Amino acid sequence: MQRPPLLIPYLILIPAALLAAWAGLMTGSYDLAPGELLRILAGGPHPQADVVLSIRLPRLVQAFATGAALALGGILMQALLRNPLAEPYIMGLTAGAGLGVNLLILGIIPVAGYTLFTYPLFAAAGGALSLMLVIGLGQRSLHEDNARLLIAGVAVSAICTALSGLLIYLTADSDQIRQVVFWSFGSFGKATGAGAWTGMVLAALGVLASWMLGPALDVLALGAEPAASLGMRVARVRAGVIALAALVTGGVVAFAGPVGFVGMIVPHVARAWIGGTHRRYLAPACVMGGTYLTACDWLSRLLLPPAGLPIGIVTALLGAPFFIFLLFSRRRTV
Amino acid sequence: MRKSGFLLLMAAALLWAGCRDGRRKLVEAAPLISTTYRDDAGRQFSLADPPDSVISLAPNITEMIFAIGAEDRLAARSQACDYPPAAAMLNEIVTYPALDLEQIQAAGGDLLITTDEIFTPDDIAQLERLGLPIYLQSYDSLADVYRCIRTLGELLDRREPARRLADSLQQIERAVSEAVTAFVKYKTVILISADPLKVVGGTGFLNELLVKAGGTNVFAGKPEAYYSTTVEELLQQQPEVMILPSTDPQVYAQLIALYPALYNTPAEVNKQVHTIHPDLLYRPGPRMIEGLAELAHLLHSSVTPDRFLPGKAEAAE
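Protein chains in written order, with the working numbering: chain A, 1 to 334; chain B, 1001 to 1317.
Warning: the hint list may mix true and false statements.
[Claimed, not checked] FRET-style restraints, in silico, Cβ to Cβ: (1) A/L222 x B/V1094: 52 to 60 Å; (2) A/V269 x B/Q1103: 52 to 60 Å; (3) B/D1072 x A/Y169: 30 to 38 Å; (4) B/E1268 x A/N83: 50 to 58 Å; (5) B/Q1171 x A/I109: 47 to 55 Å; (6) A/D50 x B/D1072: 54 to 62 Å; (7) B/D1140 x A/D50: 34 to 42 Å; (8) A/Y169 x B/D1082: 18 to 26 Å; (9) B/A1182 x A/L38: 43 to 51 Å.
Source of the hints: derived by calculation from the structure; they are not laboratory data. Computed from a predicted structure; not experimentally measured. In this text, a Cβ means the ideal position worked out from N, Cα and C, and glycines have one as well.
From just these sequences and the hints, can you work out the full model?
Structure below.
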């Protein structure tokens, strides 16, 4: 099949991203005319400049960074597991991050003073620990087939989810349950400048690292045995890919909560549309992921203003039918 | 033949005993003269006499029962019922994480009282299967709270003390409202939850408390009792006073850590961010009026609660 020149996807994706960003920045409690928004973005004085720059813009940046990072996490996991349905969730990362956040919310690990990074630190630590457990349990499959690694991921995910449930059941009061449940739905409502730009930097560094790993990902996608026969140190590359995916997705999930299906849908669409090597479709896929989640966030606020539907619910409602379509189309091709 | 005759005789004896026992239970269960009540959920229940022992599964109802002097009829209370301190002496029913039906059965009450906000319809259906009459209360306004106190008085044979209590609470409410009439009605927000961001909306008894305490609810136009908002909308409303029902001294610091933009509200600039004990606002019962007086004081510092609650001031001394 003839692959489209890379310029065409960018000519479509960049205007789409700008359109989604514009819609996101225009939506809120204060009504702004397009000219006013442009003046604020250009640094001009305006009574609502602070609202746009300290509330709407961080929300937009966080949504975009989260979408890009989740798409990247999906690409890495799918290359690693050679399964188009794989995403960071499968590897127990999300459940581990959730357990970390629950330990904080439920007061099991007391924290003297909350800062912007308290939640993300606990989530990242939970995600990293669960990942270390997955690698420990699936060590042998770092050299061989990925089935053991996949099973280890599912098992660790189940353990973390069960532990979270147990802690909630035994210790939570109604306020804590509300907090835990709300975090698990996913939201950009708490986005702040520092958090959003941290997510963006993480996503950008992740894209850069993955681009450098691109040829290795292409070889890894062939399977452990062919990769080893081509001279790759399979275990080392696999561990590196897992760590990168954990860092990138754990970092954004910590701020936004577990947002499902983005890491599965976006890489699949990007591969089908742009195709080619990992280096070719990696960056457009991340732009696509960021645009998709920015649009989902705007849609959520349009459907239920002003707070919006939880973003995890929107992505699940849009993603689940696609997941089913993917399952059936795969069955037909087998 | 002799053996089968013996078995037949035993079976007949057991059947007769069973029927007699069943008939006895039936007579006991059906009172000769009973009064039928309809609760706030529209359900009917019948009581022959004022119940000797009741089970309260809501902290505000336990407070009401103590306040009308009917605590001698309380057989058990839920684990959340922590006021007055004497409630601790009663049998405790575990309601969270799961409702312990066996404890309720063992408590042996004649009537179970709770509110429609605490339990799910499934829980209520489970409770109904125990065969106990259930009285569900519901409160959308302060008037509902007074009505429920009076109904409790009727049910528990404390009609006069209940009437006096409801009347006196109403008088205090009127006195507070009159005391704040002349003051500026500050734009106020009562924050129910920081994460997710929820505030008191334009309906329900919390909104009524705020208005009677001399504040203007900035979310009065919202039809919900508890309204989900955003930082942007909160900033747009420019609240001059922010009320945080919490016992945690760090609650405001945590709120600002979550939403730094809230540092720009007039409430913050004028140092008008206050905490209040959540039980005084969230429990629709006798202490709610203490909450009203406290709210009025937070909004208008010259209006002191002991003006309306002399007993409280004496107790403090």
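To see whether the hints hold, each was checked on the structure:
1. A/L222 x B/V1094: 52 to 60 Å: Given range 52 to 60 Å: holds, Cβ gap about 58 Å.
2. A/V269 x B/Q1103: 52 to 60 Å: 55 Å, holds
3. B/D1072 x A/Y169: 30 to 38 Å: 36 Å, holds
4. B/E1268 x A/N83: 50 to 58 Å: With Cβ atoms ~51 Å apart, the hint holds.
5. B/Q1171 x A/I109: 47 to 55 Å: The hinted range 47 to 55 Å holds for B/Q1171 and A/I109, with Cβ atoms some 49 Å apart.
6. A/D50 x B/D1072: 54 to 62 Å: 60 Å, holds
7. B/D1140 x A/D50: 34 to 42 Å: 38 Å, holds
8. A/Y169 x B/D1082: 18 to 26 Å: 21 Å, holds
9. B/A1182 x A/L38: 43 to 51 Å: 48 Å, holds
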